[in-house]
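**Q** First to last, the sequence lines map onto chains U and Y.
Add 224 to the 1-based position in the first sequence for our numbering, that's all there is to it.
Add 136 to the 1-based position in the second sequence for our numbering, that's all there is to it.
Hints should not be assumed to be uniformly reliable.
Said to hold, decoys possible - The list that follows gives simulated cross-link-like pairs (lysine to aspartate or glutamate, EDC-like), each with its CA atoms no further than 16 Å apart:
no. : chain 1 : residue 1 : chain 2 : residue 2
1   : U       : Lys284    : U       : Glu265
2   : Y       : Lys158    : U       : Glu255
3   : U       : Lys284    : Y       : Glu336
4   : Y       : Lys405    : Y       : Glu498
5   : U       : Lys284    : Y       : Asp437
In short, the hints are calculated from the structure, not lab data.
The residues making up each chain are set out below.
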Amino acid sequence: MHRDVFETRFHGRGGQGAKTAAALLAEAAIEQGKYVQSFPEYGAERQGAPVKAFTRISDKPIYLHSGVTNPDVVVVIDQTLLKSIPVTQGLSEERGLLIVNTNQGVDNVKSITGFNGRIIVIDAVKIALEELGRAVTNTAMLGALEKATGVVDYEGLKKHILKHFAYHLGEDLAMKNVNAFERAYNEVGL
Amino acid sequence: MIILKRKKWRDNPYLIKIKMAKTRRALTGAQCTAEAMRQINPDVVAAYPITPQTNIMHAFSQFVADGAVNTDLVTVESEHSAMSACVGASAAGARAMTATSANGLALMWEVVYIAASTRLPIVMNVVNRALSAPINIHCDHADSMGCRDSGWIQLYSENGEEAYENTIMGVRIAEHPDVLLPVMVCQDGFITSHCVETAEILDDETVKSFIGEYNAQHPLLDVDNPVTYGPLDLFDYYFEHKRQQVLAMENAKRVIREVFDEFGRITGKHYDFFEGYKLDDAEKVVVCANSSAGTVRVVVDELRGRGEKVGLLKVRVFRPWLNNMIVEKLSRVRAVAVLDRSASFGGFGGPLFTEIRSSFHEEKEKPNIINYVYGLGGRELDLEQVRRVFKELEEVKNGNIGKRVRYLGVRE
């Protein structure tokens with residue numbers, strides 16, 4: 225990418241897997257020999273409350289221990305946050321990228337956020353409902369992020385998602401998450 | 137109190153020593169600590185949950201449930217009981233560990249002193265968190281700094297990997313016959329404990345052979361050689377026992393050096409009481425402990441890129457305090473800013489500042505030293521704040537000292 229450290233900020237609501245998405249990305253990157261950081265911003269942790277999670281990926285060790293203020297990419301997992309949270313804060317209109325889970329178009333996101341940089345939309349809820357049977361969209365959003373940035377190796381990230389969810393949720397749900405990831409990767413319009 | 141009984145763990149004497157191996161993994165600071173505890177395989181762990189420490193015990197209790205360790209995990213009803221159980225176990229001759237944060241440490245207070253004064257080599261991870269009130273779960277160092285005079289050795293960790301290594305080295309330091317003092321390993325709550333970072337983990341056998349088997353010198357359970365722990369000790373001998381405690385802390389200075397050196401020979405990572413970064417020709421230096429050191433390092437690189445002679449001094453060991461070494465490291469520097477992540481109400485500056493300033497009292501050659509209290513209750517230390525500190529140090533360097541004690545990143 226254009227800087228030494230690739231920085232992503234995920235916006236979601238407690239329980240939607242923003243923290244997990246940020247961690248999965250970091251864990252996949254480390255398996256590919258990168259240095260990483262991934263951390264959520266904790267306020268009062270509770271289901272449904274807005275949460276932020278960050279990932280840093282670099283070829284060199286990362287020493288910085290403060291939050292991500294100028295991300296390269298912002299991923300919005302829940303479209304209802306567009307109106308209530310300044311999701312594009314610190315995101316450069318010249319080189320930044322905003323990826324939003326929404327059933328609306330780019331223009332709609334642009335008019336709500338006022339962001340004139342690059343925007344990618346994907347109906348991750350539809351994908352998640354069809355693949356997982358639940359509106360948990362973090363893996364689909366990772367698919368869109370991967371397609372747009374190629375920040376980590378595609379196969380590596382897929383393998384890591386499988387490994388992670390197989391351990392935590394069993395193989396069936398792990399495969400379904402991989403399917404959601406793949407579908408979003410293939411269907412997202414750049 | 138529930139005690140999960142398990143088979144006692146013993147080192148397998150027939151294991152052939154294999155070459156040291158490191159694995160790079162993505163782990164939170166809490167997971168790093170739990171990983172160290174798994175490899176240490178303590179006889180007894182007693183703990184009570186408190187944010188942000190809980191993630192350590194969450195991971196460690198999984199190791200217990202999976203049979204990856206043979207530890208008796210004692211799930212107590214409070215932190216006061218957690219430290220009491222560790223005291224009992226350690227006096228009995230067991231290798232005992234625990235972990236806590238903030239109010240949990242405050243509730244332990246009485247027994248924290250007892251552990252040190254009874255000369256019990258307990259290792260405790262403190263995940264630094266602000267003390268109530270108002271209630272706040274985020275990082276500052278008020279909890280561990282409050283234990284400054286409790287007789288515990290204190291090691292600070294910049295990241296999860298350092299917390300892991302400090303925990304392993306902490307066992308060796310604590311159990312050394314010339315020391316026999318408990319060790320507190322500190323890491324920043326959330327910033328370190330909940331942040332997934334790249335961490336180098338040593339192989340199990342290297343850690344096991346490094347820490348060795350613990351043979352308590354005077355175990356309570358050795359019925360052939362009966363001993364007494366914690367008796368009444370009035371004006372006849374109390375003072376002598378305190379004097380010995382002071383001596384043990386003095387001995388710790390030598391032992392910590394030996395353990396750091398040995399760890400360095402095995403792993404290639406050489407640690408010190410105070411670790412300088414770009415100090416050699418530095419005129420302006422920031423001193424701090426824990427995760428902030430990483431953030432300061434980024435600004436040092438940035439300013440060095442513009443030709444400014446700046447540096448960082450990271451405090452790894454706060455207790456015992458190595459007076460001579462801080463003087464040696466900083467005497468040629470012209471301006472020093474000491475960053476304290478805790479306030480000392482009514483004192484002249486924070487605990488780190490007080491220590492450093494006093495270390496220079498008799499010295500002829502010394503820098504101008506100022507203090508910043510920062511980051512209370514998890515207030516973020518960002519790059520801009522650190523840049524501001526170096527900018528203000530320019531004035532201090534030129535002799536315009538201004539306010540000695542300042543506050544960074546607060547609304548005033």
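**Q** Name the hints, by number, that the structure is in violation of.
**A** 1 and 4
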